[in-house]
Structures are given as C-alpha cells and as structure tokens.
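Chemist: Sequence:
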Amino acid sequence: MRRQFALLVLGLAFGSVPVWADEADDAALRRALAPPLGLPPLAIPADNPMIAEKIALGRKLFFDRRLSINGTISCAMCHVPEQGYAQNELATPVGIEGRTVRRNAPTVVNAAYGKTLFRDGRAASLEQQALEPLTDPKEMGNPSHDHLIARVRAFPDYAGSFEHVFGRAADITALVQATAAWQRTLLSGDSPFDRWRYGKDGAALSTAAARGFRLFAGKAGCVGCHAIGDDHALFTDHDFHNTGIGAERGRESPADLRVEIAPGTFATVKRKALQAVSEPTKPDLGRFEVTRAPADRWAYKTPGLRNVALTAPYMHDGSMATLVEVVQFYNRGGQSNPGLDARLRPLDLAESEIADLVAFLESLTGANIADLVRDGRSVAIGNP
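In this note's numbering, the protein residues as written are 38 to 421.
Keep in mind that the hints were calculated from the coordinates and are not lab data.
Where hints are given, some of them may not hold.
[Unchecked claim] The list that follows gives simulated cross-link-like pairs (lysine-lysine, DSS-like), each with its CA atoms no further than 25 Å apart: (1) 307 x 237; (2) 97 x 319; (3) 237 x 256; (4) 319 x 307.
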C-alpha cells in the first residue's frame, strides 16, 4: 500500500498516475526468481534487474497497440495469451496494414531461456529481440525508435512510469528492458511430465504418454535436438538444423497454389493471378541470413516443446496444422535436400507409436498457463 501511495504522489507531480505493480506482478517476480518444476534457474542480466514495477510497465507495453505506427498492432497481437502466447489463426502473422510477416510467430513463454532469439537466432537477448518488431515495416512499422519514444512520452497514462522505474524519462533502452522484464516472467513448467520425471509422481503421466516418452528418448531420437536434462528440461539444444522445411520452395513454380484465405480456410488459386495482387516475397534461407555460412541454408533454431499442444500451427513457416502432421513428417525422415541434417532418417513408427508420441507432447502443457493468460489480460491499456 505504501508503494502505491508513493507512486500516486509521483503521478500527481507529473499530472497522471503512473503504472504501478499489483499482486500479479509480485507473483510474476516470484515466478522468475523461483521457476516452476522442470525449469532451471533463470539468468537475469545485471543491467536489467527484476522489480515488480518494471514488470508491470513491461506488461502494459507488451499489450499496447499504440506502440505501432498506426495504433493497430501490439506484441500481443502476434503472441496471443489464449493461444499459448503464439498465434493459432494464421500460418504467419499479419502486421500493420495487412502486411504478411515471413515466419510463424513462436511462443514467448519460456523464451527467457533462449541463448538466441528469432527463428534464425539473430538476437542474443530478449532486450535485443524486443527492438526489432518496433521498426520492422511489416510488423509495427515505426520509422525510427526516436519517433516511437516521442509518442510514448506524450501518452498521459505513461507519465511518471519510466521516471519511477528507471529514474529517467522514457527512452528506447528503458522501453525494451521493461518489455524483456515482463517476458522473463512468462515461465511455464510443472507439467504432467515434470511431475512424473522430476516430482517422482508415478501417476502424473498417462500410460500412452509414458510410452511416448520412451520413443522420444529412444527409437525416435527426438532428444538429439530436443534435449532433456537430469533436473530440468528445455527441450532444445539451442542449435540450428535443416529439416527440409522450405528448402525446395524457392525452386518450385507450380501453376496453382493453395492459399489460406481465412483462418483454417484454404483455396486453390493461379500463381500468376496471386502474384499480380501480392506483395513480393523474399526467399527464406534461415540461419544463413545471419551467418552467411553455406551449411546454414534452411537451418532454423530448435524450438522448445513446452506447451506445444497450444501453439499450432507448427514449423518456422506454420505449414503444419497438427502435432500428428509434425510427427509424420519426421517419421518420413524430413524433406530431402542437399543440406538435410544427418540425424534425420525414416523412423518406421507405427500409427500407434505416432499417437503415443503425440500423447507425450501433449503432456508438456504447464500447470500455470491459465495464470499467465489471466496475468496478461489484467493490464489496463490507455486509449489511443
């Protein structure tokens, strides 16, 4: 209560009430400092320490559409809380003015553990990642960070907030640090698998999921990329692999194309007719676009698998609608191409084994997902 009173006095001095923390932000801070079962301790940058008021400010920024050039797109428009903080409706998101974003929106839950961010690993931290969408012409479209900050400083509902948290007026460093602080609280563990493996609860996992885990760690070889540790599991090796997704697309020129015209609704159209009314598409070469190493063509970061049942569609291009499709793809040995990862091979899984693997993947949904959704949606957003 004393904290809120102090902020109220500060807000009056600036002519408005700044963002302040509540019980949800305190709980989020505790979650970051003591992650759920199955997750390792979280590394927090020395130059961006976690405090509840910073988390509250970052949460407001994450959901604020006014951060886009025309006030229509927020971070949460592509990373939707009710959809696992990913986006279920479209293979790839839509940014400002209906512009198509090139890659599928990954979940931001547990993104704090990433050694690199984005599908191609071009960002080294959550702070660096938060910078790019703000000025991306297809996402939020701001002409510059300075232009954005001038607008944020003029929003009356932010008056005093940056001053209280950072001791200075809003600037781009503070904005991305607050956003990153909020994202570091989006941690989800304590899944049925965690309770079974790390909590030693033999009844926590279904029989089918337990069989699926044995396949995951054995015959199917999934752990070769989706790593599991003795006391925690992030289900990623933090590396980049060519599975063949998209490798042949740039060389294909079919006369007809299957196009998603509404969420879950597809139509077949002539390629030339579509090209006449579409924005030009840029080839997607994956990690190669960062390293320029030929071996990195069509290689993408291994995603974590926690809450994967909530984050369809799958793959970097959103080309697979279900987990069954994904497992079937790997059962075939991926898509052949010159740079295909050597670990990919036909798995010879029976249909029952595919079902068991899917049951295991579905057991990775964290116990606190509803809490993360509720925490996110509790933020008050000012009017444009």
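Chemist: Now tell me if each hint is right for this structure.
Modeler: Here is how each hint holds up against the structure:
no. : hint      : in the structure
1   : 307 x 237 : violated, 56 Å
2   : 97 x 319  : violated, 33 Å
3   : 237 x 256 : holds, 24 Å
4   : 319 x 307 : holds, 19 Å
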